[in-house]
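K.L.:
The chain contents come next:
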Amino acid sequence: MTTQTVLEAVRDGLAEEMRRDATVWAVGEDLHIGGLYGQYRGLISEFGPDRIVASPISEAMIVSAGLGGALAGTRPVVEMRIADFALSAIDELVNQIAKARFMFGGQARVPVVVRLPQGMVTGSAAQHSQSLESWYVHVPGLVVLAPSTAADCKGLLKSAIRCEDPVIFIEPRAIWQNTGEIPEGDHCVPIGEARLVRKGGDVTVVTWSTMASVAHKAVEACVETGTDVELLDLRSLWPWDTGAVFASVKKTGRLLVVHEAVQVCGLGAEIVATVVENVHGDLCRPPRRLGAPRAPVPFSPPLEAAYRVSQQNIEQAIREMVAP
Amino acid sequence: MTTQTVLEAVRDGLAEEMRRDATVWAVGEDLHIGGLYGQYRGLISEFGPDRIVASPISEAMIVSAGLGGALAGTRPVVEMRIADFALSAIDELVNQIAKARFMFGGQARVPVVVRLPQGMVTGSAAQHSQSLESWYVHVPGLVVLAPSTAADCKGLLKSAIRCEDPVIFIEPRAIWQNTGEIPEGDHCVPIGEARLVRKGGDVTVVTWSTMASVAHKAVEACVETGTDVELLDLRSLWPWDTGAVFASVKKTGRLLVVHEAVQVCGLGAEIVATVVENVHGDLCRPPRRLGAPRAPVPFSPPLEAAYRVSQQNIEQAIREMVAP
Amino acid sequence: MTDIDNNNERKRALALHRTMLSIRRFEEAAEIAQRDGEIPGTLHLSIGQEAVAAGVCSALEPADLITSTHRGHGHSIAKGASLSAMMAELFGRVTGTCKGKGGSMHIADFSAGMLGANGVVGGGLGIAVGAAQGLRVRGSEAVTACFFGDGAVNRGPFLESLNWAATFRLPVLFVCEDNGYAAFTETARLTAGAGPAARAESLGIQSMVVDGNDVLAVADAAAAMVERLRREGGPAFIHAQTYRLRGHTIADQGAYRDAERHSRQELRDPILLMRQRLTDWNLSQDVQRLQVEVETEIAAALVAAREAVFPEPASIYAEVQDIGAPA
Amino acid sequence: MTDIDNNNERKRALALHRTMLSIRRFEEAAEIAQRDGEIPGTLHLSIGQEAVAAGVCSALEPADLITSTHRGHGHSIAKGASLSAMMAELFGRVTGTCKGKGGSMHIADFSAGMLGANGVVGGGLGIAVGAAQGLRVRGSEAVTACFFGDGAVNRGPFLESLNWAATFRLPVLFVCEDNGYAAFTETARLTAGAGPAARAESLGIQSMVVDGNDVLAVADAAAAMVERLRREGGPAFIHAQTYRLRGHTIADQGAYRDAERHSRQELRDPILLMRQRLTDWNLSQDVQRLQVEVETEIAAALVAAREAVFPEPASIYAEVQDIGAPA
Ligand SMILES: Cc1ncc(C[n+]2csc(CCOP(=O)(O)OP(=O)(O)O)c2C)c(N)n1
Ligand SMILES: Cc1ncc(C[n+]2csc(CCOP(=O)(O)OP(=O)(O)O)c2C)c(N)n1
Ligand SMILES: [Mg+2]
Ligand SMILES: [Mg+2]
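Residue numbers (this note's numbering), protein chains in the order written: chain S, 1 to 324; chain U, 325 to 648; chain Z, 649 to 975; chain H, 976 to 1302.
Because the hints were derived from the structure by calculation, they are not lab data. Just so it is clear, the structure is predicted and the values come from calculations on it, not from any experiment. It cannot be assumed that every hint is accurate.
Here are some of the chain U residues that sit facing chain S, going by a computed Cβ distance under 7 Å [unchecked claim]: (1) THR327; (2) ASP415; (3) CYS608; (4) ALA619.
Ranges of calculated distance between the beta carbons of each label pair, as one might list FRET restraints [stated by the list, open to error]: (5) H:GLY1114 to Z:ALA899: 34 to 42 Å; (6) Z:THR897 to S:ARG285: 39 to 47 Å; (7) U:GLU488 to S:LYS250: 46 to 54 Å; (8) S:GLU277 to U:ARG522: 23 to 31 Å; (9) U:GLU370 to Z:GLU679: 30 to 38 Å; (10) U:GLU488 to Z:ALA899: 16 to 24 Å; (11) Z:GLU955 to S:PRO183: 31 to 39 Å; (12) Z:GLU955 to S:GLU184: 43 to 51 Å; (13) S:LEU196 to Z:GLY685: 52 to 60 Å; (14) U:THR566 to H:GLU1282: 38 to 46 Å; (15) S:GLU164 to Z:GLY685: 51 to 59 Å; (16) U:GLY430 to S:GLU46: 33 to 41 Å.
Idealized CB from N, CA, C, for every residue including glycine.
Just chain S, with the same shape it has in the complex (with noise of 0.2 Å):
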């Protein structure tokens, strides 16, 4: 084990699949010094140019060097600096990657890894905080990821970029600088596995990306208390691992969802429609979900503070779901 951040985890992951394997490669703005956050740093000078692209600010292009990179026998990994930039290039993510296997008859696969460091961090106001997951988790052909902890960003980065299918990896941009245990050696981590945060009978906790940690401190503070809370941290988005929060919910009667984004048509609309569809017995209260408020996000610091899910408002929520 060493103790990496988030940061260091995913450049070591990336430099660990290029130099496994020659075909992969990396393009974005300002990755010859290292990206935004520098999670790509140093690699140009150990993969060069030819690898380690540092594009134009082209985000319709750049997500198309991805689809014909891979088109060409390739497995490019694409840099999206934050989330809310792929807005710009949501024809080729959609249209183009998510589809190619399909609409030609399998002729064509797109092992494209696409890195959205999504989120809020303060002060960034609408344009550069929004969580659109649900969106790529409703686009038939991808495969989305969403991990927390820098032992996770680095294992299913691994495994997306070895993955044959086109997959969306949202980081957890507000959290670059936590750190974590790395397991040692060539650490992969499955892709559609919950991460089980905290056993526990009572309710069930379902989060992912940077809630987990807010969330991991709400369920400390029930369980002072007396509530005994299970967390899981989907990790992976879709697929998302139904056996286990069926089994959770079983087990607990209650599940609360909880996620950055807005609410409404989130992700968390989806898992409580289809635990409801499947264990709808099972539930002993509605189930509930926290989200953003359905609107844009503000960026004065009370405002920012109203807007987010809070530790308090989990706390809360499972509470009131607990209370007799």
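Given chain S, put chains U, Z and H with the ligands in place with the hints provided.
P.N.:
For chains U, Z and H with the ligands alone, coordinates are given in the frame of chain S:
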């Protein structure tokens, strides 16, 4: 009352609003010859090329024309030709149009209508067929409409043009030629109210857009064999008529949501989740959804047939839900 | 003018003519099949534009790649896709290039280096440039050609992909197949400035304007450009001026077209022009032989398509993705 | 060279200098406040680029419109936005131009014709062109100016909006504010061809390249262009070559910059250059008076911002939409 096709009804609706208000104008490809389907036929001779603007193939700029035009004090109607092409203008729609009012602290209003003829028509395959209404419902700032009858298409288009908020106006592309009765005079349909297609006490079916007529046939077949189905055509997807849906579910205890879009993370998930959160106790059966599989839309007729939510699928789901 | 005493040149001219004939007869057959209800959906025909596809692809090797447009039959045939697999695809059969999942607008033959038609105007530009970047990573020397229409030059991806290819000196041959119209609009009305080649030049990309109805002119231009790409890296740009003799889709009667221009262009049909030339060179017999050969191939493709089975309904669940596949 | 005996010219020069000073001192004050933790988030400062904003906006009337970039303080001030409302916005206060909802990157003052900064590179281009189209529908004669960076010329919206404005002859003044860098990249490395003006020319748009650190040169160019737009319709294009004296954001130390170029450019600070000129013209006293005036205004803006209250948390539910508002 007059009888008109959907196409004629929306053409007249736009023309009426353009006569009423000199700041209303339309922009999109091929509008000078009446648009792809003829829904703008004749308008350029009445309103001239400054108000019926035939544009280059520049989707991002077409949507920006609507945004900029609105910020400069007009009421643009933006034609996307086929809903899928809006994917080339998602940044403009989601990062700009939807957020402008809020992020500028209320200084701006963006009374734009973005018209999206949406859905499958025979042989149009993966890139010209997808339904993404749940994406738009997820986006704060947007009103989302999806009428299905000639009268509603006209009446909601007129309401959309008068609305101060940006409106995503999803048009039932597969049924342009369906006819319906249009009320005389200034026919506006209020935003946010579902249409009660049929009253019934056994099971609630909620649907919209092109699926409304398919569901209607299925409902009639079930009624004939003794199941008293209530059918709601939502028409307005955001805001959606929670009042009508809750009241119906309280009465029937059974909810089936039917849509053409992919089921996973479709709007059906939001409706099911909202219903179970609010009227959980009134449900006697787990709610159900019917949507497309999480696969791109295929080309070949037998694949298309297997892909679509059919009248038979709906009938079967209804029968299963009322089975003892 | 080609020296027709030269045996190679004669062979080349006949091969180009044959490619154009294959495209023409393939599309004429498809047109009838669509009208007869055998082909579902619509078709975008390239009748009248065959010289561009045939000429450009004649300069390419099998290992080179192309991307295409919604009007992609000609490009596919010229790059070497199988006629019968293509026809079967149009018919929606399991023997089609895309197993019936794609249809005309997504026709593709990766085995021939044809990376797909595209339902998005301009969609192929970025794919071509990305493919060139991928080839570089793989150490391949292959070039990539990219077909797009005159309407695509007003879309953002045109700028982004040309600037990118020029910046990274990728060996991409951009081919603007200018048939005068974008759907129901005369493109010149909505395209500002001196035209596509001027735009490419402003990005530092060497460009040529060629008569897109003269297959030898296109072939010569493409050969020169491709040779330079292989030698020095790229990109390069060809503006091929041609004309669409049919409607935008099979349903379109072309009411918006200038009648006089249309009649003039009918006389400049690239196949007519080439046949005239081959006749002048005393090659009428060869032309007739080619016509028979092509006719036979198309007939066989039609028979095979009709006889092939439709895909199994369950195939909608296949080839979506390995992980998280639909159930 | 301006004839400084002319009273109007003297007034004009001093007004331009004053605008530049306001921008400079506003941003220097904001820079400190951000470092002190009074301003949340980051800032994109236009220190060194003031001549472009001041010069271009001097050619505009109050009814004219502008769109801006993520680096929008200067454009806003030059177009007449209130310093204190702007400072309050940076501080996240309810008295801010956007009631604290937008912050630096979404600063806007619609009452001054300033349609907003923009967090999306190139985001303002299409808005400006659309606004011009809206003004035409309303029968207005106002012109629209559009600021964007040298990085934006490689994004799709650059092509789409320029082609559109040229096609419809909309009176839009495109201003490429070229500060040499796009974030941490020297833009020239990734921008193919002869530069932004060549791209505009290829679209049939009349263009000028100006020294963007010479405020009189910018003002003259803009005045000439705007006059032509009002007379003949548009569009027109200015490539203003300037330099960013600070980092990309407030956190950026500029390690990637060429040190020699940087020192050279420090001596070409537009405010230094203009002060030198005004001194040569014996206007030092006026310069000092302006400095005091501006200082006083900035100090007042800071005080007002600090004293203003934060918005109510519930305001996140307001101004989203009327129909279907969040609860
Ligand atoms: C992004 C996008 N916008 C609009 C369309 C609809 N459309 C299909 S073909 C076409 C015209 C394209 O013109 P051009 O590029 O000249 O190609 P041509 O049809 O002439 O071969 C249009 C507008 C589309 N498919 N994609
Ligand atoms: C579409 C998009 N891509 C990337 C970014 C991140 N970004 C913000 S500013 C910037 C550099 C812009 O360079 P330029 O246009 O020259 O403006 P400058 O910062 O020099 O004023 C980048 C890449 C963004 N905001 N939007
Ligand atoms: Mg064309
Ligand atoms: Mg710059």
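K.L.:
Honestly, do THR897 of chain Z and ARG285 of chain S meet the 39 to 47 Å range at C-beta?
P.N.:
At 55 Å between Cβs, range violated.
K.L.:
Take a look at whether the Cβ-Cβ distance between GLU277 of chain S and ARG522 of chain U falls inside 23 to 31 Å.
P.N.:
holds, 24 Å
K.L.:
Does the Cβ pair LEU196 of chain S, GLY685 of chain Z satisfy 52 to 60 Å?
P.N.:
holds, 57 Å
K.L.:
Given a hinted range of 16 to 24 Å, is it respected by the beta-carbon distance of GLU488 of chain U and ALA899 of chain Z?
P.N.:
Since the Cβ atoms of GLU488 of chain U and ALA899 of chain Z sit about 39 Å apart, the hinted range of 16 to 24 Å is violated.
K.L.:
With 34 to 42 Å as the target window, see if GLY1114 of chain H and ALA899 of chain Z comply at their CB atoms.
P.N.:
holds, 39 Å
K.L.:
In this structure, is the beta-carbon distance linking GLY430 of chain U and GLU46 of chain S contained in 33 to 41 Å?
P.N.:
violated, 51 Å
K.L.:
Regarding THR566 of chain U and GLU1282 of chain H, is the given constraint of 38 to 46 Å on their beta-carbon distance met?
P.N.:
Roughly 43 Å apart at Cβ, these two residues keep to the hinted range, so it holds.
K.L.:
Is the shortest C-beta separation between CYS608 of chain U and chain S less than 7 Å?
P.N.:
violated, 10 Å
K.L.:
Any CB of chain S closer than 7 Å to the CB of THR327 of chain U?
P.N.:
This interface hint is violated because 36 Å lies over the 7 Å limit.
K.L.:
Check the following: the C-beta atoms of GLU488 of chain U and LYS250 of chain S are separated by a distance inside 46 to 54 Å.
P.N.:
holds, 48 Å
K.L.:
Minimum Cβ distance from ASP415 of chain U to chain S below 7 Å?
P.N.:
Because about 4 Å separates ASP415 of chain U from the closest Cβ in chain S, which is inside the 7 Å limit, the hint holds.
K.L.:
With 31 to 39 Å as the target window, see if GLU955 of chain Z and PRO183 of chain S comply at their CB atoms.
P.N.:
violated, 57 Å
Hints 1, 3, 6, 10, 11, 12, 15 and 16, counting from the list given before, are not met by this structure.
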